[in-house]
Amino acid sequence: MAGTVLYDRASRLRVREDEAHRLAEHLATASNVILQRSPEERSIVVQRLSSKYFTVRWSLAPPLAPPMSADLFEMREQIIAWEPSLANHGLQLYLREPGRHSVVMGNFRLADGSWLTFKAPQLVDEHKFRIGWIAMMLGVAIALGLIALLMIRWTLRPLRRLSAAAARIGHGEQESIPEMGGDEVRGLIRAFNEMQARIHSLIEDRTEALAAVGHDLRTPLSRIQLRSDEIDDPDLRKAIAGDIREMGGMVSSLLAYLGGDNDPEQPQRLDIAVMAETLVDEVIDAGHAGLYEGPMHLDVTLRPIGFKRALRNIVENAAKYGENVLVTLTGPSSDKWIDLTVEDDGPGIAPEHLSDVLRPFVRLDPARSRDTKGLGLGLAIAARAIEREGGEIMLANRPKGGLRVHIRLPIRDEAPTQQ
Amino acid sequence: MSAPNILIVEDDPALRTLAMRTLQQDGFAVRPASSAPEMWNALEEAPVDVVILDVMLPGTSGLDLCRKLRQQSDVPIIFVSAKGTEVDRVIGLELGADDYLAKPFDARELTARIRAVLRRGRMDRQHDGSGRRGAKFDGWTINFPRREVTSPTGATVDLTGAEFDLLASFVDNPQRVIARERLIEMSRTRLGESSDRSIDVLVSRLRRKLGTSDGKVPIVTVRGIGYMFSAEVERI
Chain A
17 MAGTVLYDRA SRLRVREDEA HRLAEHLATA SNVILQRSPE ERSIVVQRLS
67 SKYFTVRWSL APPLAPPMSA DLFEMREQII AWEPSLANHG LQLYLREPGR
117 HSVVMGNFRL ADGSWLTFKA PQLVDEHKFR IGWIAMMLGV AIALGLIALL
167 MIRWTLRPLR RLSAAAARIG HGEQESIPEM GGDEVRGLIR AFNEMQARIH
217 SLIEDRTEAL AAVGHDLRTP LSRIQLRSDE IDDPDLRKAI AGDIREMGGM
267 VSSLLAYLGG DNDPEQPQRL DIAVMAETLV DEVIDAGHAG LYEGPMHLDV
317 TLRPIGFKRA LRNIVENAAK YGENVLVTLT GPSSDKWIDL TVEDDGPGIA
367 PEHLSDVLRP FVRLDPARSR DTKGLGLGLA IAARAIEREG GEIMLANRPK
417 GGLRVHIRLP IRDEAPTQQ
Chain B
0 MSAPNILIVE DDPALRTLAM RTLQQDGFAV RPASSAPEMW NALEEAPVDV
50 VILDVMLPGT SGLDLCRKLR QQSDVPIIFV SAKGTEVDRV IGLELGADDY
100 LAKPFDAREL TARIRAVLRR GRMDRQHDGS GRRGAKFDGW TINFPRREVT
150 SPTGATVDLT GAEFDLLASF VDNPQRVIAR ERLIEMSRTR LGESSDRSID
200 VLVSRLRRKL GTSDGKVPIV TVRGIGYMFS AEVERI
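Chains as they are written, first to last, in the working numbering: chain A, 17 to 435; chain B, 0 to 235.
The hints are simulated quantities; they were obtained by calculation from the structure and are not laboratory data.
Model, not experiment: these values are computed from the prediction.
By construction, the Cβ of each residue, glycine as well, lies at the ideal position given by its N, Cα and C atoms.
Treat the hints with care, since some could be wrong.
Derived Cβ-Cβ restraints for the label pairs, each shown as a range [claimed, not checked]:
#, chain 1, residue 1, chain 2, residue 2, range
1, A, Ala228, B, Gly223, 57 to 63 angstroms
2, A, Gly258, B, Gly223, 33 to 39 angstroms
3, A, Ala213, B, Thr211, 19 to 25 angstroms
4, B, Ala2, A, Glu339, 45 to 51 angstroms
5, B, Ala28, A, Glu210, 57 to 63 angstroms
6, A, Asn340, B, Ser212, 47 to 53 angstroms
7, A, Ala213, B, Ala2, 39 to 45 angstroms
8, A, Gly417, B, Gly58, 55 to 61 angstroms
9, B, Arg146, A, Gln282, 16 to 22 angstroms
10, B, Gly223, A, Arg375, 53 to 59 angstroms
11, B, Gly138, A, Asn340, 47 to 53 angstroms
With these hints in hand, go ahead and build the complete structure from the sequences.
Printed below as a string of structure tokens:
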């Protein structure tokens, strides 16, 4: 801003200098030419010497003129500086109509005692000059602003990647961010990558430790199982076998839950309609009423073992809490989604617990009493497997009673694998 | 027939002893091995009819062991494992194990699986060696070692163990009428997998899963006798 003002004033002074230079030239030329002519010719000559930017008149007697404007003292000095021959000729300058379109007028005494009166409208229209000047300044300001914006964005780009990566920590593969940007930003990225590595390492260690415990439990469980086979009392034997099965189930579900993100399973093309039918058959074989409604065949691409386990957990839950289980499959819709619902006619879930029930280790019976077996991981495992396929799972109570689990899966277009 | 010879390869001593005792009570001749070297020794010393192999042996990967064993012999192998994830199960079967049993198992299960594997082994050797990897019919593909069935659209179709065995029986006897009783007997090789489902239900489920949109199914009911598999089978 200050620079602008200083520049403005400096250039204005320079314009004055240019004007002075020009005036000086004109005056010098005019006086030389006029002096060489006879007084009769002079009136005509002055017309030829005049132009839009400099008019001159000759008179014998000194013209009437107002006192010189203080403003123009400097200009007079400049004119004389340019043309020293103009000194001592009583050069007077004054402004006619000072203001926007000011006109510089002046008197000048020739060597022979006659006078020249001249008029020089200011060459530069200050007003026009100012507007053009402001436009240019504005343009420069905008350009500078844009450049600054681009620079800021370029500097912040690695930071944006950083925050996106921070949101993903712990949820899957570790991705180091390449170091880029200024020194401080590089330092930050390096620290972030190291922290990410530490966190992943912590998670892996914990997971491995828990998984090892799970595996290790199975051998003593096997021993107890085989030993219990020698118990004579059939009721006792059955009861112990039941307990062992329950413990084995807990270990399995824990290992399945921990397996999670490092699952090496690859998506495959499979028939999800037949998979759903098979699970309904299992329900029927277990003595409940089950029904499948949907197409005979429907091909999708997903991880078979992970997804089947998810669906089986949900269907088994339905069979556990209700007498009738209904599995419906529809799809694909126009925006390429498949809908799979599992409904039961059991008691449903209290609305305030509907979102809790998908979290791991949550079991709805607060007293964790006899009837709730397992660690409460079944639905958490299912939800995770479904999310891994890019799908969604939603729970709701049916208006006519019972729970409705709704799974949505995106269709992935993949060419069939050759056998 | 002499008692079948079982070799148990298990590093936990108590579990090994308990399993041995259980199997001996069921009429098997059992020898123990606690590590891979002992297993190789035992295999050289005397004939073995079934190997029960714990996947997690110290120092060796049970899967590697299985692969090496398969390279040298056809002996039926049953994996026993604390790992028990289904991915491992599929890998184990892929490597040539005949069955997979997860810990904790009970004695009855173990015995049943051993008997099933022995029976299957006999059946397999009744057919000639070729064509046992897979078969094709009507655009469908069967992969026997992996126990997988693929539809004409290239999608894997989920069959239960009993359904797969039933399909295998059909595919082994194409265009021949099979009596119901024979089918029941053939399907018993998979004891322990809710096989008290009647054959008719199994057939109807298999039909539903193999059905195409135009209603063509290659399983035909022969009233009063049994069923027939009407499609042409190509062995691969």
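- Task: Go ahead and decide if the range 33 to 39 angstroms is satisfied by the Cβ distance of Gly258/A to Gly223/B.
- Result: violated (44 angstroms)
- Hint says 47 to 53 angstroms; check whether the CB-CB distance for Asn340/A and Ser212/B agrees. violated (28 angstroms)
- Query: Using the C-beta atoms of Arg146/B and Gln282/A, is the stated range 16 to 22 angstroms upheld?
  - Reply: holds (18 angstroms)
- Item | CB-CB spacing for Arg375/A and Gly223/B relative to the 53 to 59 angstroms hint | Given range 53 to 59 angstroms: holds, Cβ gap about 57 angstroms.
- Query: Cβ-Cβ distance between Gly417/A and Gly58/B: within 55 to 61 angstroms?
  - Reply: Given about 57 angstroms between the Cβ atoms, the range holds.
- Item | Outcome for the supplied range 39 to 45 angstroms, where the beta carbon pair is Ala213/A and Ala2/B | violated (57 angstroms)
- Okay, Ala213/A versus Thr211/B on CB: inside 19 to 25 angstroms? Once the Cβ atoms are compared, 52 angstroms apart, the range 19 to 25 angstroms for Thr211/B and Ala213/A is violated.
- Has the hinted range 47 to 53 angstroms been met by the Cβ atoms of Gly138/B and Asn340/A? violated (36 angstroms)
- Does the Cβ-Cβ separation between Ala228/A and Gly223/B fall within 57 to 63 angstroms? holds (59 angstroms)
- If you check the beta carbons of Ala2/B and Glu339/A, does the distance land in 45 to 51 angstroms? Distance hint for Ala2/B, Glu339/A holds at roughly 47 angstroms.
- Message: Looking only at beta-carbon atoms, does the pair Ala28/B, Glu210/A fall within the given range of 57 to 63 angstroms?
- Response: Between Ala28/B and Glu210/A, where Cβ atoms are some 60 angstroms apart, the hint holds.
Of the hints listed earlier, those the structure fails to meet are numbers 2, 3, 6, 7, 11, in rising order.
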